[in-house]
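Student: Make the full structure from the sequences, and use the hints.
One-letter residues, chain by chain:
There are 2 protein chains.
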Amino acid sequence: MTTLLFTIVIVTQYYNVYSYMTINKYDLSDCVLNPKLVQEIASYKNITKTIMNEVVNNGDTFYNEYANFIDKFGARPAGSVVLEEAIDHMINLTRSNGLETVTTEDVMSPHWVRGSETATMIKPRIKPIAILGLGSSVSTPSGGITAEVIVMRNFNELNETIESNVKGKIVVFDAHYTSYGETVAYRVEGATKAAEKGAVASLIRSVTPFSLYTTHTGSQEYGSNVTKIPTAAITHEDADLLRRLQDRGATIVMSINMTSTLDYKTSRNTLIDLKGCEDREKLVIVSGHIDSWDVGQGAMDDGGGMFISWYVPVIIHKLKLKPRRTLRAILWTSEEPGLVGAIEYLNRHMNELNNINFIMESDEGTFEPLGLDVSGSQNAVCIVAEVLKLFKPIDKLKVSSTVGSDITIFNSKGVPGASLLNKNERYFWYHHSNADTMDVQNKNDVVQCAAFLAAFSYVISDLTEDIPRY
Amino acid sequence: MTTLLFTIVIVTQYYNVYSYMTINKYDLSDCVLNPKLVQEIASYKNITKTIMNEVVNNGDTFYNEYANFIDKFGARPAGSVVLEEAIDHMINLTRSNGLETVTTEDVMSPHWVRGSETATMIKPRIKPIAILGLGSSVSTPSGGITAEVIVMRNFNELNETIESNVKGKIVVFDAHYTSYGETVAYRVEGATKAAEKGAVASLIRSVTPFSLYTTHTGSQEYGSNVTKIPTAAITHEDADLLRRLQDRGATIVMSINMTSTLDYKTSRNTLIDLKGCEDREKLVIVSGHIDSWDVGQGAMDDGGGMFISWYVPVIIHKLKLKPRRTLRAILWTSEEPGLVGAIEYLNRHMNELNNINFIMESDEGTFEPLGLDVSGSQNAVCIVAEVLKLFKPIDKLKVSSTVGSDITIFNSKGVPGASLLNKNERYFWYHHSNADTMDVQNKNDVVQCAAFLAAFSYVISDLTEDIPRY
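Note that the protein sequences, when read in sequence, are chains A and B. Take the first sequence: its position 185, counting from 1, is numbered 185 in the UniProt record's numbering, and each next residue is one higher. Take the second sequence: its position 360, counting from 1, is numbered 360 in the UniProt record's numbering, and each next residue is one higher.
Treat the hints as calculated values from the structure; they're not laboratory data. What you are looking at is a predicted structure, and each value in this text was computed from that prediction instead of being measured. Treat the hints loosely; a few may be bogus.
Note that the list lumps identical chains together, so a pair holds whenever it fits in one copy or between two copies.
Said to hold, decoys possible - Each computed BS3-like pair below joins lysine-lysine, with the alpha-carbon atoms no more than 25 Å apart: (1) K392 to K123; (2) K127 to K72; (3) K167 to K318; (4) K72 to K169.
Tutor: What follows is the structure in structure tokens.
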């Protein structure tokens, strides 16, 4: 997943708007659902079991298709040829599963390609420093950059440092991980803030709670009217080393060489529809993104989420079930550079927004499923809570102003939605690093996520009542 | 720490000789210590408190010296110039702490230098494979090796595979981690076993219970009369990928390029004596190794163990305490290539072996101290158990046929000894990898290890009774 969500979260947190609320604290007493609706929801018990059993019974095949996809294509960076091949693969896989209603919509996507990247501490001693360029970083000038290093704990410290102490230097942001939402600010804005003070390059402590000398990339954004300086992530271990050396009064000099290219390519969002039998124009969307960073294999972020979302219309179709509304799986393209595919979809379908009854996403791991993080009106939350009762113990409910990553922009427009809650405590250990591989995944957990998502989506898409908006 | 210990452990395990015994199960009922000795041991309670308090009170200075040492020298490979500079640093640090009785003894050490190392899977798709050459590995022929890959789960599978299926191929040993003692066999013997079947290179799944796409090096030994083939570690993640591809019937081709050089250099064991006031010729030795692998910073393996061992005579001297026997700290050189420094010391001092009353080592981490792993006679174990009562809750006792790494060769000659037990469940996450840095360490834990080791060593070196042999 990328940053936009978290930027929004940060902003709303600052204004005390953003909050997590459990249904117990927030809603339970206020939920007054039509008894007929409650009864209707309860009547789905058997069908949810049937759907979940079907997914579990096909678990080996499903998981092997997923592993085969990841192993066949590996990393799928936005704008790359391999991403387009991976999209073709998913189109073909959909058709070979008997679903012909698969279409694509073009998306103009940034195509940032990492070249060679090396860094060496030259003083006080020579030591190689592992670096991993941040997405959209510019190259260093030919011959690289050799400059003194200044280590900054946070933006406040940078603000309080006089410009002459930063000018011409490499700024290292040594911000310790608190939460992704908070700490990612250094990745997104670090280069811009450092450049505003005249720095020649910006390095960040990798945004992760745990490191085995691991570097983590991710998107960053150059502010307008500032010099674009090269920017990369370093490991916790080296950030701590640099901090200690600085604290001891050492002059630290580092040499950095980075190359990259940036252009634009056409990519595609992939839409897989299981047409509704009554309200075809009404949509329940379930989604994940098919692109990944260029490091690792994009197995967790978001191969797993994409695959379980793709499987929803496939398995419902296999069961010959026909929900009232159209069930649409979307495989977003180019999420990582900044929700590019989702933004394009939103713009293209802006006047059909009212047709989206509910929008779902899985982009925070497919570990053991726990429940849903929901964005929507009180009544929407109440209905989701009632449906979740069918899935006990997968019935944890969180309520947030926006949820997920790609779908936040829909939530912001008033579309209710949910993202998959799962036991993802270690998600950021692997996120945007070489460690995002199939080894992160547990077959049973992924299959359980797929089973839950398919059955929940079916119920929502088939209910007689729409999910109410604000 | 290196492998020799574990090779011995494996061997003895095979013959059911090796065992762990707690004092409760094994000894308590049989321990009949002279009541005067028990009383004498109990009388050390206050002095152990004094020593431990002194270490804790100097904890900041001590830990900063340690961190400064690691940050100043970083990795200290056997035979390297930086290792000799690090040894000089420790000699000077000893003298600046008022201890002049520091000597060195020359050791002829292998000096293996890693050059460039790259590997790429070429079929069924192109993917870079992270590799880390194993110590003493030969280079690939100029131009590298490009060959088909065969993945083997274990030595049995290799034995059962006909030679023509291995000949000319790159063997990947995909042995899953059970314990270091068991799994390290693939690192030590993998190249030899693969070469015996005509393989052109040997890769092992890194010997660790947990990976973030992490490679782990370590020593390996070419058998006599086999072709020396290049050998390296790959990550769990890539081993699993190769396994899945093979299981799906794919032909896997990999290209490997590795360079290295091997020669011999003179290094030094460093001996720091706090001369005994009564039985000067009698020795209580406390030790750790100062060399490290070339990856990471050798902070854990064995910077921490070396530093707390070094501190024993230093802090006892600072307190103006004079134990009966000579307290000798040894900073072993060249442990990693195969206990080279310790073997040289043993050979050089063979006829003084009876003078070693007790030998200690810390080479398995300096996490929270728990107690000791002891090798020795029943009576020796009983005395250690009695002394450990002074250190509750740091009083856990294990009994093993040999303990530690460097000191195993002394145990095997009948010298009783102990190695530090500590809460090192994650030790092998970092071991022999780039993740062996100061980030592994917790100041309070390291200081507590130092305090315990110093106080325990003092008691053992001052007791009126020798530690009895078999």
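Student: Now tell me, hint by hint, if it's right for this structure.
Tutor: For each hint, the structure was consulted:
{"no.": "1", "hint": "K392 to K123", "in the structure": "neither (59 Å within a copy, 45 Å between copies)"}
{"no.": "2", "hint": "K127 to K72", "in the structure": "between (36 Å within a copy, 10 Å between copies)"}
{"no.": "3", "hint": "K167 to K318", "in the structure": "neither (63 Å within a copy, 47 Å between copies)"}
{"no.": "4", "hint": "K72 to K169", "in the structure": "between (43 Å within a copy, 22 Å between copies)"}
In summary, the numbered hints that this structure violates are 1 and 3.
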